[in-house]
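Undergrad: Sequence:
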Amino acid sequence: MSPRRKARAAFVSAVALLCLSALAGYVTITRLLESEKWVFHTYEARAALGDLDSTVVWAGRARSNYLISEANEYLSQFEAASRNIPGQLLHLRELTQDNPRQQELCGRLEELTARRIALLQESVQLKQKSPQDEQRQAELQNQSLPLTSEISSIVQRMREEEQRLLEIREQTSHRLLVLAATSLLVTFLLALGLLVLHYRLLSAELETREKAERIARDGEDSLRRLTGRLLQLQDAERRKFSRELHDSLGQYLAGVKMNLEMFSAHRQEGLFAEAIHLLDQAIAETRTISHLLHPPLLDEAGFSSAAKWYLEGFGQRSGIEVKIELPDNVDQLPKPVALGLFRVLQESLTNIHRHSGSSKADIALTILPARVSLTVRDYGKGIPADFLENFSHGRNSGVGLAGMQERARELGGQLNIRPCEPGTLISITLPLSNEIQAPNASAAD
Numbered sequence: 073m074s075p076r077r078k079a080r081a082a083f084v085s086a087v088a089l090l091c092l093s094a095l096a097g098y099v100t101i102t103r104l105l106e107s108e109k110w111v112f113h114t115y116e117a118r119a120a121l122g123d124l125d126s127t128v129v130w131a132g133r134a135r136s137n138y139l140i141s142e143a144n145e146y147l148s149q150f151e152a153a154s155r156n157i158p159g160q161l162l163h164l165r166e167l168t169q170d171n172p173r174q175q176e177l178c179g180r181l182e183e184l185t186a187r188r189i190a191l192l193q194e195s196v197q198l199k200q201k202s203p204q205d206e207q208r209q210a211e212l213q214n215q216s217l218p219l220t221s222e223i224s225s226i227v228q229r230m231r232e233e234e235q236r237l238l239e240i241r242e243q244t245s246h247r248l249l250v251l252a253a254t255s256l257l258v259t260f261l262l263a264l265g266l267l268v269l270h271y272r273l274l275s276a277e278l279e280t281r282e283k284a285e286r287i288a289r290d291g292e293d294s295l296r297r298l299t300g301r302l303l304q305l306q307d308a309e310r311r312k313f314s315r316e317l318h319d320s321l322g323q324y325l326a327g328v329k330m331n332l333e334m335f336s337a338h339r340q341e342g343l344f345a346e347a348i349h350l351l352d353q354a355i356a357e358t359r360t361i362s363h364l365l366h367p368p369l370l371d372e373a374g375f376s377s378a379a380k381w382y383l384e385g386f387g388q389r390s391g392i393e394v395k396i397e398l399p400d401n402v403d404q405l406p407k408p409v410a411l412g413l414f415r416v417l418q419e420s421l422t423n424i425h426r427h428s429g430s431s432k433a434d435i436a437l438t439i440l441p442a443r444v445s446l447t448v449r450d451y452g453k454g455i456p457a458d459f460l461e462n463f464s465h466g467r468n469s470g471v472g473l474a475g476m477q478e479r480a481r482e483l484g485g486q487l488n489i490r491p492c493e494p495g496t497l498i499s500i501t502l503p504l505s506n507e508i509q510a511p512n513a514s515a516a517d
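Per this note's numbering: the sequence shown ends with 517, consecutive numbering throughout.
Incorrect hints may have been included.
As the list claims (entries may be wrong) - Here are the simulated lysine to any residue pairs, SDA-like style, with alpha carbons at most 20 Å apart:
1) K395 with I435
2) K407 with R297
3) K395 with R426
4) K380 with T422
5) K407 with P441
6) K380 with K395
7) K407 with T447
8) K201 with S141
9) K201 with E211
10) K453 with S499
11) K395 with S499
12) K395 with L497
13) K380 with F414
14) K453 with S431
15) K453 with D434
Hints were generated in silico from the structure; no laboratory data involved. Everything numeric in this text was worked out from a predicted model, so none of it was measured.
Put together the whole structure using the sequences plus the hints.
TA: What follows is the structure, given as structure tokens:
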């Protein structure tokens with residue numbers, strides 16, 4: 073079996089074991105909650121017995137205090153206690169309905185309590201009607217004493233029964249708790265072991281994949297270096313072609329113009345004047361092509377002059393208003409960096425003219441101690457979201473954007489494209505190495 077299948081089997085086993093443990097834990101915890109519920113039920117029954125016993129005692133004391141003092145306060149207490157006792161008896165019967173033995177005792181308790189309360193009420197009424205009838209009061213007291221004793225005995229028996237049930241239910245809850253904890257611990261340890269096995273198998277597979285990716289990355293780096301070299305050769309070829317156009321074709325056309333000017337002084341000035349005009353256009357076009365291929369100002373005067381010359385011509389041709397912000401030390405940029413920034417500027421403005429529909433554009437160059445950043449922002453319709461997603465993943469982003477991105481990578485920088493409201497912002501950031509910064513610092517000094 074392959075390592076991937078082993079890892080998958082270990083992971084599936086761990087998940088299945090965790091699911092089974094979750095099911096077992098659910099069942100156990102449900103039973104534990106049910107057992108705890110019965111424990112709480114037992115405590116409620118014991119509390120109800122205590123409340124009933126206290127209320128009966130309270131009624132007897134209130135009756136005794138009333139017989140002694142004849143105060144209405146004690147009479148009110150007796151009546152309140154007498155009204156509470158039936159409800160407490162009903163509540164106690166409901167709590168003990170699951171136990172036939174307790175139900176039997178509860179029925180006997182209801183009978184004795186009713187008789188006891190009836191005797192107490194008769195004693196209170198006798199005190200109200202015949203306060204001096206001490207003999208009858210004594211008889212009532214003698215009749216109540218056996219009832220009180222029997223009520224106390226029944227309450228005690230019911231308490232003992234509830235205590236016995238409480239001990240049984242607490243033991244059951246404890247066993248369920250131990251069972252739940254043990255099962256969860258065992259399944260957790262088994263699942264942990266399977267997950268560790270899965271991790272080791274997965275780590276081995278990831279290590280193999282990383283080796284393959286490292287080999288592919290090395291190949292990609294080689295391809296990127298080759299692409300960068302091709303871009304350098306392309307720039308060199310453009311520079312050579314620009315010189316050839318300027319030095320050969322331009323000189324020939326200038327010579328033709330001079331000869332025609334001399335000849336036009338004697339024959340048919342109209343035709344020769346038109347020929348001279350056409351030659352002027354050819355020379356101007358030759359210069360434009362030469363400058364676009366590689367502007368001589370970029371080598372002679374630096375990025376600032378080349379950018380301003382290009383933006384002036386671009387504005388005239390496209391009708392787009394372009395604003396540019398340049399720092400004072402922009403002409404101290406290294407030639408590779410200046411060339412990369414200029415090509416990005418060219419391609420960005422070309423895309424704005426072709427696709428954005430914007431009537432204006434803003435350009436800003438920022439130079440920091442360790443890097444330089446160029447931003448080009450338009451105010452057009454923007455770039456579709458799916459195109460930006462493809463660009464971020466390196467898929468179908470177009471030749472122009474791919475070339476800009478490759479230039480940024482070759483120079484160790486980064487190209488970013490993000491939407492604005494309205495329009496699009498393109499930014500390129502290139503590093504300035506120590507070897508590049510040192511001459512700049514000397515020149516500034």
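Undergrad: Next, verify each hint and record whether it holds.
TA: Here's how the hints hold up against the structure:
The hinted pair formed by K395 and I435 meets the criterion: a straight-line CA distance of about 6 Å does not exceed 20 Å. Distance check on the hinted pair: K407 and R297 sit about 19 Å apart at the alpha-carbon level, within 20 Å; holds. Note on K395 and R426: the hinted pairing holds, with a Cα-Cα distance of about 18 Å set against a maximum of 20 Å. For a cut-off of 20 Å, the pair hint linking K380 to T422 stands: about 15 Å separates their Cα positions.
The suggested pairing of K407 with P441 holds, with an alpha-carbon distance near 17 Å, which does not exceed 20 Å. Note on K380 and K395: the hinted pairing holds, with a Cα-Cα distance of about 10 Å set against a maximum of 20 Å. Under the criterion of a C-alpha separation no larger than 20 Å, the hint pairing K407 with T447 is consistent with the structure, at around 19 Å. Between K201 and S141, the direct Cα distance comes to roughly 15 Å. Compliance with the 20 Å bound is thereby established for this hinted pair.
A threshold of 20 Å between alpha carbons decides the hint, and for K201 with E211 the separation of about 16 Å falls inside it, so the pair holds. A distance of roughly 18 Å separates the Cα atoms of K453 and S499; the hinted pair therefore holds under the 20 Å criterion. For the given pair, K395 sits about 16 Å from S499 by alpha-carbon distance, which is consistent with the 20 Å threshold. Pair hint K395 plus L497 holds up; C-alpha atoms about 14 Å apart against a cutoff of 20 Å.
With a CA separation close to 11 Å, the supplied pair K380 and F414 stays within the 20 Å bound. Between K453 and S431, the direct Cα distance comes to roughly 11 Å. Compliance with the 20 Å bound is thereby established for this hinted pair. Under the criterion of a C-alpha separation no larger than 20 Å, the hint pairing K453 with D434 is consistent with the structure, at around 15 Å.
This entry satisfies every hint, going by the numbered hints stated previously.
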